[in-house]
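Residue numbers (this note's numbering), protein chains in the order written: chain A, 7 to 428; chain B, 7 to 428.
For the record, the hints were derived by calculation from the structure and aren't laboratory data.
Some but not every residue of chain A turned toward chain B, in silico, with C-beta under 7 Å: (1) Ser194; (2) Ala226; (3) Gln299; (4) Ser300; (5) Tyr328.
Backbone N, C-alpha and C define an ideal beta-carbon position, used for all residues, glycine too.
Protein chains: 2
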Amino acid sequence: MTDSVDDTIDAFRARVARGECEELTWWHACQARIEAREAGVQAWEYLMPATSTAILPGTGQRLRGVPVGIKDIIDTAEMPTTWGTGGYLVSPEAVVDAAVVTLLKRQGAMPLGKTVSTEFAYFTPGKTRNPQDLSRTPGGSSSGSAAAVAAGMVPLALGTQTAGSIIRPASYCGVFGFKPTVNTVSFSGIKAFAPSMDTLGWFARHIEDICTTFTALTRAESIEALPDLGGIRVGLRSLPGDRPLDAGVAQALSNTARHLEQAGARVSALPLDPRYDDLVAHHQVVLAYEAAQSLASEFQQHGEEMGARLVELIEEGLATSYAEYRASLLAAEECRQALSRVFADEVDVILAASAPGVAPPGLDATGDPVYCRAWTLLGVPCLNLPLNTGQEGLPVGVQLIADRWQDERLLSIARTLVPPAG
Amino acid sequence: MTDSVDDTIDAFRARVARGECEELTWWHACQARIEAREAGVQAWEYLMPATSTAILPGTGQRLRGVPVGIKDIIDTAEMPTTWGTGGYLVSPEAVVDAAVVTLLKRQGAMPLGKTVSTEFAYFTPGKTRNPQDLSRTPGGSSSGSAAAVAAGMVPLALGTQTAGSIIRPASYCGVFGFKPTVNTVSFSGIKAFAPSMDTLGWFARHIEDICTTFTALTRAESIEALPDLGGIRVGLRSLPGDRPLDAGVAQALSNTARHLEQAGARVSALPLDPRYDDLVAHHQVVLAYEAAQSLASEFQQHGEEMGARLVELIEEGLATSYAEYRASLLAAEECRQALSRVFADEVDVILAASAPGVAPPGLDATGDPVYCRAWTLLGVPCLNLPLNTGQEGLPVGVQLIADRWQDERLLSIARTLVPPAG
Numbered sequence: 007m008t009d010s011v012d013d014t015i016d017a018f019r020a021r022v023a024r025g026e027c028e029e030l031t032w033w034h035a036c037q038a039r040i041e042a043r044e045a046g047v048q049a050w051e052y053l054m055p056a057t058s059t060a061i062l063p064g065t066g067q068r069l070r071g072v073p074v075g076i077k078d079i080i081d082t083a084e085m086p087t088t089w090g091t092g093g094y095l096v097s098p099e100a101v102v103d104a105a106v107v108t109l110l111k112r113q114g115a116m117p118l119g120k121t122v123s124t125e126f127a128y129f130t131p132g133k134t135r136n137p138q139d140l141s142r143t144p145g146g147s148s149s150g151s152a153a154a155v156a157a158g159m160v161p162l163a164l165g166t167q168t169a170g171s172i173i174r175p176a177s178y179c180g181v182f183g184f185k186p187t188v189n190t191v192s193f194s195g196i197k198a199f200a201p202s203m204d205t206l207g208w209f210a211r212h213i214e215d216i217c218t219t220f221t222a223l224t225r226a227e228s229i230e231a232l233p234d235l236g237g238i239r240v241g242l243r244s245l246p247g248d249r250p251l252d253a254g255v256a257q258a259l260s261n262t263a264r265h266l267e268q269a270g271a272r273v274s275a276l277p278l279d280p281r282y283d284d285l286v287a288h289h290q291v292v293l294a295y296e297a298a299q300s301l302a303s304e305f306q307q308h309g310e311e312m313g314a315r316l317v318e319l320i321e322e323g324l325a326t327s328y329a330e331y332r333a334s335l336l337a338a339e340e341c342r343q344a345l346s347r348v349f350a351d352e353v354d355v356i357l358a359a360s361a362p363g364v365a366p367p368g369l370d371a372t373g374d375p376v377y378c379r380a381w382t383l384l385g386v387p388c389l390n391l392p393l394n395t396g397q398e399g400l401p402v403g404v405q406l407i408a409d410r411w412q413d414e415r416l417l418s419i420a421r422t423l424v425p426p427a428g
Numbered sequence: 007m008t009d010s011v012d013d014t015i016d017a018f019r020a021r022v023a024r025g026e027c028e029e030l031t032w033w034h035a036c037q038a039r040i041e042a043r044e045a046g047v048q049a050w051e052y053l054m055p056a057t058s059t060a061i062l063p064g065t066g067q068r069l070r071g072v073p074v075g076i077k078d079i080i081d082t083a084e085m086p087t088t089w090g091t092g093g094y095l096v097s098p099e100a101v102v103d104a105a106v107v108t109l110l111k112r113q114g115a116m117p118l119g120k121t122v123s124t125e126f127a128y129f130t131p132g133k134t135r136n137p138q139d140l141s142r143t144p145g146g147s148s149s150g151s152a153a154a155v156a157a158g159m160v161p162l163a164l165g166t167q168t169a170g171s172i173i174r175p176a177s178y179c180g181v182f183g184f185k186p187t188v189n190t191v192s193f194s195g196i197k198a199f200a201p202s203m204d205t206l207g208w209f210a211r212h213i214e215d216i217c218t219t220f221t222a223l224t225r226a227e228s229i230e231a232l233p234d235l236g237g238i239r240v241g242l243r244s245l246p247g248d249r250p251l252d253a254g255v256a257q258a259l260s261n262t263a264r265h266l267e268q269a270g271a272r273v274s275a276l277p278l279d280p281r282y283d284d285l286v287a288h289h290q291v292v293l294a295y296e297a298a299q300s301l302a303s304e305f306q307q308h309g310e311e312m313g314a315r316l317v318e319l320i321e322e323g324l325a326t327s328y329a330e331y332r333a334s335l336l337a338a339e340e341c342r343q344a345l346s347r348v349f350a351d352e353v354d355v356i357l358a359a360s361a362p363g364v365a366p367p368g369l370d371a372t373g374d375p376v377y378c379r380a381w382t383l384l385g386v387p388c389l390n391l392p393l394n395t396g397q398e399g400l401p402v403g404v405q406l407i408a409d410r411w412q413d414e415r416l417l418s419i420a421r422t423l424v425p426p427a428g
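Please build the complete structure, drawing on both the sequences and the hints.
See the structure below:
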């Protein structure tokens, strides 16, 4: 079933139910795909041995037989964790799996390996290359998860986002990436970076699988497409407001706006208060202050081995006063409440750029999360839609954004917009 | 210096500066006090060997030479962690210290041992007894930290609160206990229970030391007493509203109200919206749903060894739908915003009961956190004031509460109210 690595999760389960393939079929197909492509893509920090008993699917049903990649800042009891350090900090095995790993296993998913993360999910790149063009970055920090899903090595992979670490690599690699409302899935057993913003999310090639995984992890009702998007109000917005848009990004936004309108939605420009433009700067203050706290032990013991940009951020955090930090949090809270009123009164979802353009050339940087920072600071759910291509045929994503805890509505709207798989 | 175990941190540092004692003097005095009282109180899960090099104070100044107790759900690289499991889950040493342990060490504090926690900081009691009456509970979940501070074994100890785990044991043991605004100090390396509410805080015998520790951990400006409390508005409130108050608690509230008025404050009853009375129930929904997620791995592997009440909570969480969870979070958010308006327009701080009475007799339960649940759900800072005694001369605390991120103002008001030590 080399073709069926592109099944949706539900289609695979239906094939198993009809006796057309085995529960371990997907696992073996993924291993074959990894064998074919890993030398180029280098998405994996560690792979489960093919003979491991851990490949036996669990007792749950929703994700039964689904191979999944686990970002390497997430604790695993049966695989090592290196937090993207290249080896200066390693845990051969955690005392217990991170909570989300057990939640996945409970539903029958099978962790296939640890995917490459940048150093502690910040900017120092790992070895991973963009599967669409091996000379380009896959984005970060969830580099290996986005690349593994894009290369068809795995149908599902976990990522985390504190600035733009899910939406940006999803945009660069051309896959769906979903960052739910902050704190939707427990961060227990995942290395903290800036705890008020750290959010667990996931990548998939099909919107259906993004929805299935949301249901599996939260135990929400299953998310279905609407008949059409009649009555749905979409606000078009690019943060920060004063940056000129890349032509490919502008094209992706207008294409998507047109598709939304064709499905019945009403799209209009969304003017926001100028205070929103300050959120990028407030995000940086919160990021630096909290990272300097959360990584205090790692900095104390391994500061000399750390990448220059991480050291710079921690030092910036150590120079940030509590008063500045508090002021940025309070400014964010004001915008969060104001944005909730916008969502209540004016729009159902916001359409915005995911990244400043296609994946930049080179492997020594992971691109700019600037279009994600404000949304992450506000804690709202964001979904990258991989429906457009830009310069040199490379993917250009756009994101749909909803108010906090409107994840189901957001996913339902996206599922209506995106043509069904297969 | 057997007497000087009761110094404030600043007084001790001044004595060291004047050459009246050594940097390690307090450490040795604490060890002597532990030797004298630990057989009865049983506050410690693990004690650093007296000869350990870890007792050498760090390079920082604010907490230089201060022995500190670390709650046993907090990772330590040089001491084992058991999470109050009585041994069914043990980590001999963490890969790195929890962030807060490094933040303390950086300021010169010296972790002296791990203090007893209830099982994963929920309700299954550990071995600790109340130093004021060994036949009674010290409260939970930060049982050992509150008891160790109350027994003079250590001037400072870390606790965590997700329901009433700092304020209640502080009230029962008769010490100051401070829960700052949620997410003030990073939870990195601390076992999560319900991440949207889990809050790190600390216990001390002196309000000055609560303030010094706040400054040391956040790098806020130092917190001083005001000239008096003229102009300060205090709202008197007991949540949930329909519970009859214990006579000792009522007396403690009216005594404290009188002291506040004597210092110049204006105290008046604070009528709150009836929706606040539902917060206790919403807290339970959030607690159960998030605990079932966060402890998924521990439940999977050790469910049969877990205490009955924890299993019951996790099963309640597994039976809680995402829709119920979301509804409780949104109800809390409404009250949080409404309470911010109350703090902006009507009162500076709220005065409320810490616990339903003195420490209950017996060691098979840790008392009721009902008076803390709403405040913890709202994420507001709470300080237990140990200024009153009730039935049989046992301590009865009251708490002062401020709006989120008004921690400095809250501590400054408390410092003005409480007579200076020594």
